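Work out the full structure, taking the sequences as your base and the hints as a guide.
There are 2 protein chains.
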Amino acid sequence: MHLNHNAEALDKIRHSLSHILAWAVRVHFKEQPIRLGIGPTTEEGFYYDFETEKPISNSDLKSLESLMRKLVAKNLPFERSSMTISHAIEYFTQQDALLKVELIEDLRERGETEVSIYTVGDFLDLCAGPHVENTKEIPIKGFSLDRVAGAYWRGNEKNQMLSRVYGLAFPSHEALEAYRKQREDAEKYDHRKIGKEQDLFVISKEVGKGLPLLTAKGATIRRVLERYIVDEELERGYQHVNTPVLGRKSLYVTSGHWEHYKDSIYPPLDIDGEEFILRPMTCPHHFMLFDSKPHSYRDLPIRYAEVSPMYRRERSGELSGLVRVMGFHLFDAHLFVTPEQVEKEIKDVVVLIQDVIKRLGLADQVWYRLSLRDDTKEKYIDMPTRWQEAEAILRKVADELALNYVEGVGHAAFYGPKLDIQMRTIGGKEETLFTNQIDFASAERFDLKYMASDNTTARPIIIHRSSAGCIERTIAFLLEHYRGALPTWLAPVQVALLPVNDRNNAYAEEIHQLLRKHKLRIEVDSRKESLNQKIRQARLQRIPYLVVIGDKEQEGRTVTVRNRDSGIQQSMPCETFVERLTAENENGTLMLEIARSE
Amino acid sequence: MHLNHNAEALDKIRHSLSHILAWAVRVHFKEQPIRLGIGPTTEEGFYYDFETEKPISNSDLKSLESLMRKLVAKNLPFERSSMTISHAIEYFTQQDALLKVELIEDLRERGETEVSIYTVGDFLDLCAGPHVENTKEIPIKGFSLDRVAGAYWRGNEKNQMLSRVYGLAFPSHEALEAYRKQREDAEKYDHRKIGKEQDLFVISKEVGKGLPLLTAKGATIRRVLERYIVDEELERGYQHVNTPVLGRKSLYVTSGHWEHYKDSIYPPLDIDGEEFILRPMTCPHHFMLFDSKPHSYRDLPIRYAEVSPMYRRERSGELSGLVRVMGFHLFDAHLFVTPEQVEKEIKDVVVLIQDVIKRLGLADQVWYRLSLRDDTKEKYIDMPTRWQEAEAILRKVADELALNYVEGVGHAAFYGPKLDIQMRTIGGKEETLFTNQIDFASAERFDLKYMASDNTTARPIIIHRSSAGCIERTIAFLLEHYRGALPTWLAPVQVALLPVNDRNNAYAEEIHQLLRKHKLRIEVDSRKESLNQKIRQARLQRIPYLVVIGDKEQEGRTVTVRNRDSGIQQSMPCETFVERLTAENENGTLMLEIARSE
Chain A
201 MHLNHNAEAL DKIRHSLSHI LAWAVRVHFK EQPIRLGIGP TTEEGFYYDF ETEKPISNSD
261 LKSLESLMRK LVAKNLPFER SSMTISHAIE YFTQQDALLK VELIEDLRER GETEVSIYTV
321 GDFLDLCAGP HVENTKEIPI KGFSLDRVAG AYWRGNEKNQ MLSRVYGLAF PSHEALEAYR
381 KQREDAEKYD HRKIGKEQDL FVISKEVGKG LPLLTAKGAT IRRVLERYIV DEELERGYQH
441 VNTPVLGRKS LYVTSGHWEH YKDSIYPPLD IDGEEFILRP MTCPHHFMLF DSKPHSYRDL
501 PIRYAEVSPM YRRERSGELS GLVRVMGFHL FDAHLFVTPE QVEKEIKDVV VLIQDVIKRL
561 GLADQVWYRL SLRDDTKEKY IDMPTRWQEA EAILRKVADE LALNYVEGVG HAAFYGPKLD
621 IQMRTIGGKE ETLFTNQIDF ASAERFDLKY MASDNTTARP IIIHRSSAGC IERTIAFLLE
681 HYRGALPTWL APVQVALLPV NDRNNAYAEE IHQLLRKHKL RIEVDSRKES LNQKIRQARL
741 QRIPYLVVIG DKEQEGRTVT VRNRDSGIQQ SMPCETFVER LTAENENGTL MLEIARSE
Chain B
201 MHLNHNAEAL DKIRHSLSHI LAWAVRVHFK EQPIRLGIGP TTEEGFYYDF ETEKPISNSD
261 LKSLESLMRK LVAKNLPFER SSMTISHAIE YFTQQDALLK VELIEDLRER GETEVSIYTV
321 GDFLDLCAGP HVENTKEIPI KGFSLDRVAG AYWRGNEKNQ MLSRVYGLAF PSHEALEAYR
381 KQREDAEKYD HRKIGKEQDL FVISKEVGKG LPLLTAKGAT IRRVLERYIV DEELERGYQH
441 VNTPVLGRKS LYVTSGHWEH YKDSIYPPLD IDGEEFILRP MTCPHHFMLF DSKPHSYRDL
501 PIRYAEVSPM YRRERSGELS GLVRVMGFHL FDAHLFVTPE QVEKEIKDVV VLIQDVIKRL
561 GLADQVWYRL SLRDDTKEKY IDMPTRWQEA EAILRKVADE LALNYVEGVG HAAFYGPKLD
621 IQMRTIGGKE ETLFTNQIDF ASAERFDLKY MASDNTTARP IIIHRSSAGC IERTIAFLLE
681 HYRGALPTWL APVQVALLPV NDRNNAYAEE IHQLLRKHKL RIEVDSRKES LNQKIRQARL
741 QRIPYLVVIG DKEQEGRTVT VRNRDSGIQQ SMPCETFVER LTAENENGTL MLEIARSE
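Protein chains in written order, with the working numbering: chain A, 201 to 798; chain B, 201 to 798.
Keep in mind that the hints were calculated from the coordinates and are not lab data. Note that the structure is predicted; figures quoted are calculated from it, not measured. Be careful, since some hints might not be right.
In this list, chains with the same sequence are indistinguishable; a pair is considered to hold if it fits within one copy or across any two.
[What the hints assert, rightly or not] Derived lysine-lysine pairs resembling BS3-like cross-links, with alpha carbons at most 27 Å apart:
{"#": "1", "residue 1": "K274", "residue 2": "K358"}
{"#": "2", "residue 1": "K462", "residue 2": "K449"}
{"#": "3", "residue 1": "K547", "residue 2": "K558"}
{"#": "4", "residue 1": "K717", "residue 2": "K547"}
{"#": "5", "residue 1": "K596", "residue 2": "K396"}
{"#": "6", "residue 1": "K396", "residue 2": "K649"}
{"#": "7", "residue 1": "K449", "residue 2": "K405"}
{"#": "8", "residue 1": "K212", "residue 2": "K596"}
{"#": "9", "residue 1": "K212", "residue 2": "K449"}
{"#": "10", "residue 1": "K270", "residue 2": "K393"}
{"#": "11", "residue 1": "K449", "residue 2": "K409"}
{"#": "12", "residue 1": "K493", "residue 2": "K728"}
{"#": "13", "residue 1": "K405", "residue 2": "K388"}
{"#": "14", "residue 1": "K462", "residue 2": "K409"}
Okay, structure coming up:
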């Protein structure tokens, strides 16, 4: 893996801290025999595994951390030396460091004759390195110990249980704090937690762990998103089609998925002697639709879109929430184009995506990745000229649209380069939200053709693209990104009507009907609860507008509207409210600004 | 089977005609040895199988038919007699009637000792009867020979091929002609044929025969229908949810479907040691959603609706079109109600259905069937009081709403009585379009409960219902019923814009954009074809409005609109057209009336 300079430096710091941790554990528990396991770096710091008589507990971490800080403050050098394998075995056996001995014996079996050793102060450890040259390079407030967990030696549950101490390490105290805040947010705003709090979806063991059930509210988010995308795509000349989630296995043998993608496909279903699979991709279905009649160049581009159900294999143990699921729905499309049309079509696709991203309020959150081949020849279809052409087109479009893009070598699809839309999850992890691919191979495999303008038979180039990713995953991402407070147009409930008193219920109902007529989504809370209690609950549900309806409002035929986000509260005639809310609901992105001047 | 008097009489006529046919074949082919097979009745007449040296051909039918008429006109009695089995074998062997001998031997094996023989004129046949007493009971112009087909003796392809001659027979010439017209229509307007002509769906052998692909036009019909139903249901207090097409097999063991319905379920899918099935029903998924949180009587009724994907096993050989499919989407719902709420909820369901039926323009086409238990105890859940209660409620609602209903003994679900919506296909066959069921058993099986007003735990009663059947089947039915000419609001293309000349293209495009703004579905035919050719093609596509745009229209900023159904043609300002069409599109049922006075 290629790391840049800063990443390399950070890795040395983390690696060195794991040694300091082991040293500190030795010092702290000096009365006990401690056997050291391994001490690698992680994405946020490091850990070290220890075999102890009594497990290390979280209450030990504070003393260990302060001891580490003292050791680091000594400005000690890390010194590398080496030992022959046999000497190392002798030495570590003598020290009763039997776990290390096991590791060295493995190295010997792999043909190594020498091992490297790093020493800091009077702590010596078997280690490949690299490390900082001196502990003064370690930012003293940039690290902390995080937690202890049990871990089997070498991950094998037949082995003894060790204490694994995790540490966090960053280049500065600020970076450490920022990471902690991010992690806290990731836990607090995990879509699974929001899903439960707002009653958006349910995981039922009886139905199956990777098969979430969307409640009325969750299904509302899906429906609003789906209708928006479908209408937007129809508007832009896509043909929305419907194809089934099942298909004959042979389709996927032809497509190459059975060969390149088999691990992601659920086992075939034998129906009357024929094998069907739950599709992992829509492509072959759309290809068969294209192939169902002859085409001339005049018919192209043909753009088939679908909100497409599909199933991709996940490990049962990893199924959870809306993201790790067995089945999902992709905002999918396949464009069949002539070589002359590729560039314009890719551009239009990117413009559509930009508009969708904007509507979702994510314009500042995403970036693009031009995903290219790496040198592993067998991973990709062997058509070098076509790869170059496709790459050049993607690059040109990205430049012309001034996209904020990076290059991702090794991230291409097996059949062509991609332009991916990247984002960072609330936990800070980079993920591909959705993707565009130029495919110059499938038409050949499926014998798809059209009559070119010179009356010869030609193969269409196929663009695979998604305008808004998978419904389930996009909803999860939006919930986390917005900390549960979805934009008004997507919110399952847009307005909470809160009558102050029973005698205001009739007026509240009147407003309810008025809003419903405009297809707005309302909840009336006419329970016998205090207004404060009602407000508290509506805020917990992250409902965009809380509308208080008391005697004053009833008399004046007004409403008092409180904005979930700004907290601003203001009275206005109910017609004004309906008008503004309707505008916001239709326009999508702009939150109703409750003018202060009124 | 219980047949009414007329049906019994018709059956005797048909049965007797099969003997007359066999006699006529004997007479007509008197130079050839003919062996007779069997001659049963069918739903539209009768057939008889013959073993001949040279197959009987369709060109023989005319002579055979006229010969039959002559024989019938002789007013001959049918006379029944009997023979012992051994005598019969001897007799038919002597006659070289070896097929009959085979049949008699089978009878002997089954323990029969005697066979009955019917004689008409000098034609004698082994037959269980019954027959008319005299051929004068046969309406001389009510029958005809239909066609010849090959058929293996006893349906076994290892046996010899026989000539099967089919006849039609009805109580009168008019009834025969009506049947022929209906059959002609059924062929002409078969949804598979319309689907091809209008490019609505595609059956791909590669994807699988029972897995139709909806094209852009087919998917448009589905989308329009779906959005209409979903919005209508939301409006009426349904919660639209989304649940997956897969579920653990155990769900269906609990529900009783695995026991009562196994033949309709595709084989389970083994995923990491757990069995999942493609669901044949949505019920368990909705039950699990209900069960995911506690409920009080104050929360009921809860109405979960879904446009629900499901798979039901059909024999591979029978898969075809949009009706005989492996998977489909049901406009499904499950209502969880208290005993006090059942009646009102059933009533609301029926009112919704009536409104949907009206919107689809089928109000005069459907009738209701109260589907009750028969005496086969093991077919139904044993809770007699609950059956009676549920039946009484359905009867009461049907009476109060003055439904046009019949009773269908033996048509209940295994868990309760039903109110079915019945219709006749274009081929004249009665079918259940969709259904409502009262289910007092599933709550117990799934341990579903709510807290009643007296703080005790109670079981909800569950209403299973569909508001518009299966999308695929309903679309097929509508296509056939409307002979391909769907009402404007459902038509995939609502307007064909036909510029007369190239110089009218710009004005046509202007109108196109105007109509698109109103979400109307337009096709512009700007090919270099004659206007007549364009009109012809748009009419074949059954597009509701053909709009001619020539110089005159362009100058006056008008359009000339021709109605597909009435053929009436009229000019009007384009704004007027947009206004009327928009109204028609939104309101659904009422076709734009092009006023003659203008």
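Hints, verified against the model:
no., hint, in the structure
1, K274 to K358, "neither (40 Å within a copy, 96 Å between copies)"
2, K462 to K449, "both (11 Å within a copy, 24 Å between copies)"
3, K547 to K558, "within (16 Å within a copy, 46 Å between copies)"
4, K717 to K547, "between (39 Å within a copy, 24 Å between copies)"
5, K596 to K396, "neither (45 Å within a copy, 41 Å between copies)"
6, K396 to K649, "between (50 Å within a copy, 21 Å between copies)"
7, K449 to K405, "between (29 Å within a copy, 12 Å between copies)"
8, K212 to K596, "neither (39 Å within a copy, 81 Å between copies)"
9, K212 to K449, "neither (49 Å within a copy, 51 Å between copies)"
10, K270 to K393, "neither (40 Å within a copy, 85 Å between copies)"
11, K449 to K409, "both (25 Å within a copy, 13 Å between copies)"
12, K493 to K728, "between (64 Å within a copy, 22 Å between copies)"
13, K405 to K388, "within (24 Å within a copy, 50 Å between copies)"
14, K462 to K409, "both (22 Å within a copy, 24 Å between copies)"
The structure is inconsistent with the numbered hints 1, 5, 8, 9 and 10, although it conforms to all the rest.
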